[in-house]
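Enquirer: Sequence:
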Amino acid sequence: MKKLVTYTIIIVLLAQLVLAGELFNDEVKDNVPFYINSIKHVARYYPAAEKVSLLAGEDRILIRIEDCEELNGLEYCIDSASEGINEETGDPASTMELRVLQSGPELDIDRSISDDDPNLNEEIEVTATITNIGTERAVNINYEDKFPSSVKVSGAYADFALNRALWVGSLNPGASQSITYKLKFQEFIEYESTAEASFIFNNKVNKKKSGTTTFKVQTPYEIGDSISSRSVSLNEEIEYTFSINNTGSTDELNVKSVEIVLPEGVTVTNRDLGLDRVGEKVMYSGTISAGGSEIFTFKFKSTKVTQGELKATFELRIGSTDFTEELSHKIGVGVSEILPEIKFNPTTVKGGAELEVEAKITNEGDNTISGISLDMTGDIIDPRGWRQIELEPGKKHYAFNKIMNAPTNDEDKTYFMKISGSYRTASGSVMDFEAREEVTVLAQEKLVDLTPEIEIDGKEVNVTLKIKNVAPYKVTYVSLIDTFPTGFKSTEGTRYIDIDELAIGEERTAYSYIVTVPDTYTQASFDITHTFNALDQDEDKVMFEKTTSVVIGVAAGDAEEEEEEATDAEGTEGEEETAEEEAEEEKPGIFKRMWSWIKGLFSGDGAEEEQEETDELANESEQGLETSETSQKEDKFE
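Residue numbers (the working numbering): 1 to 638.
Each hint can be trusted.
Listed below are the simulated PhoX-like cross-link pairs for lysine-lysine, each with C-alpha atoms no more than 25 Å apart in a straight line: (1) Lys216 with Lys152; (2) Lys209 with Lys182; (3) Lys146 with Lys182; (4) Lys182 with Lys216; (5) Lys413 with Lys541; (6) Lys446 with Lys468; (7) Lys350 with Lys418; (8) Lys446 with Lys474; (9) Lys541 with Lys468; (10) Lys40 with Lys204; (11) Lys343 with Lys395; (12) Lys216 with Lys311; (13) Lys40 with Lys208; (14) Lys311 with Lys299; (15) Lys182 with Lys152; (16) Lys301 with Lys281; (17) Lys152 with Lys209; (18) Lys396 with Lys418; (19) Lys184 with Lys152; (20) Lys40 with Lys350; (21) Lys396 with Lys343; (22) Lys330 with Lys396; (23) Lys418 with Lys343.
Pair by pair, the computed Cβ-Cβ distance ranges are: (24) Arg387 with Glu69: 38 to 46 Å; (25) Glu239 with Ala156: 50 to 58 Å; (26) Lys207 with Asp116: 19 to 27 Å.
What the hints contain is simulated information worked out from the structure, not anything from laboratory work. All values reported here derive from a predicted model rather than from experimental measurement. C-beta atoms are modelled at their ideal positions from N, C-alpha and C, and glycine is treated no differently.
My request is simple: use the sequences and hints to build the entire structure.
Expert: Right, here's the structure in full:
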């Protein structure tokens with residue numbers, strides 16, 4: 001009987017899971033931020049543990065592949081995950097299939113519209129379907145679709161007093177309600193329509209909006225324009241063309257005026273007959289018979305650097321109805337169509353704190369630009385360069401887009417970042433672009449001294465790390481961990497520790513371990529990174545890294561050379577680097593006791609993970625928890 005009860009509970013839980021409202025269902029990338037309910041999320045895949053670390057706002061959870069975990073009333077499910085590497089950068093580029101479910105009532109709205117581009121006084125039909133995709137009954141649902149006074153709403157669900165469609169009711173989980181209403185647009189307008197359904201659950205008003213539909217009543221004319229280029233070199237001509245079509249079948253179109261204002265400093269070099277030039281304006285007026293059209297072209301250029309706007313205003317009349325239309329284009333002479341941008345958030349940050357950095361270029365032009373060269377330099381990131389970039393109109397290329405930890409210094413310091421490059425215009429001239437921004441990093445208070453002690457015995461390196469509190473107060477929630485290159489294994493001891501508090505002046509041995517140099521390693525030295533996290537007296541997070549370089553000789557040499565290598569290594573004892581270094585750009589901030597959750601990656605059901613797997617993941621963590629963004633995408637484009 002006990003087994004039967006257990007199975008029944010499992011079935012009920014599964015049923016609730018299936019019925020839960022789905023807030024999110026999409027592929028997410030390693031360390032690429034995404035948003036659910038306006039909360040920033042970042043996921044990180046750890047293949048060795050078959051788990052995903054998910055950061056939701058300030059909270060973090062671990063989710064096994066093909067499993068779900070609850071956080072803040074939401075159910076996060078990882079359906080699958082796959083490893084990947086960005087071939088250009090060598091960074092991880094894994095992907096995960098994530099679903100986010102919410103219990104309780106949840107509504108979905110689907111609107112079907114017969115015509116969103118109606119003629120004047122034409123009646124169209126809207127069918128709205130409201131569905132409860134949640135797990136509980138939604139009561140007192142209020143669905144409304146509002147319209148301006150020039151739109152007539154009719155049908156069984158029309159609320160004439162407020163000129164809206166309205167339905168009030170309740171829905172069980174999985175149930176739907178479809179309603180139909182009609183609209184008649186009685187003026188030439190363009191209107192963005194969004195319906196909304198609301199209900200109260202747990203004393204909270206929940207709202208759900210439909211997709212937005214733009215209604216545009218067809219006018220009895222069509223206006224169009226084209227421009228040869230929005231960015232040219234000095235003294236290079238730009239050609240602008242506009243057209244006016246009278247689409248009516250009976251009435252004459254009166255073009256009261258067309259006024260085209262050009263950027264300051266521009267000279268008109270050629271214009272069609274019928275166009276007038278007044279200073280930096282080009283003018284036209286006339287009439288167009290029913291079914292007729294007019295098209296005009298003129299050219300202009302500038303001998304000095306110019307950046308501004310071409311603005312065309314059309315004043316038209318058919319019968320007794322007046323119309324006004326405006327078209328505009330940004331114009332640059334001697335100005336790049338590639339827009340470089342750098343953003344630091346925040347622009348002033350405490351050393352060791354999280355710093356969001358974005359550096360990108362955008363094609364602001366109308367045409368695809370090829371052969372773009374881009375260089376990124378600065379004293380807060382490693383320099384990089386790209387060649388032969390191709391960007392379609394509106395597309396972006398990210399040189400850097402990550403959340404990193406600000407460098408740690410004993411005094412305030414200003415850092416800079418610059419992206420610059422060039423490309424050739426359609427006429428063959430070279431166009432340069434550049435952006436430079438600065439960020440102020442405030443001094444980070446020194447809390448502890450870390451002293452590593454290294455002993456080398458052939459391919460085995462004995463590491464002991466000592467820690468001393470040098471702050472004038474106790475330091476709490478201390479976490480320490482050592483990481484080293486992939487392939488290195490710790491065979492004895494431990495290389496991480498959590499300390500509840502360090503008293504003023506307290507000095508102790510944090511941990512000792514042995515790390516083995518792999519036979520395939522051919523370098524003469526390797527680095528051990530000591531990562532420190534704690535809370536200061538204001539309970540602010542403090543994080544820094546210190547790197548110790550261990551000189552080992554040729555680690556993968558023949559056995560007969562090992563004794564000589566060990567002797568050489570002993571000669572270097574005590575010479576390892578002990579100065580605190582700035583946090584690497586790839587390492588993000590982690591809240592108190594950050595490594596506790598990393599070790600939790602390996603908590604199996606009743607047994608610990610194998611040591612080799614633990615080492616592999618810990619090495620992986622040295623690179624990770626960084627929130628790299630689209631610089632990890634294969635094509636690097638948005």
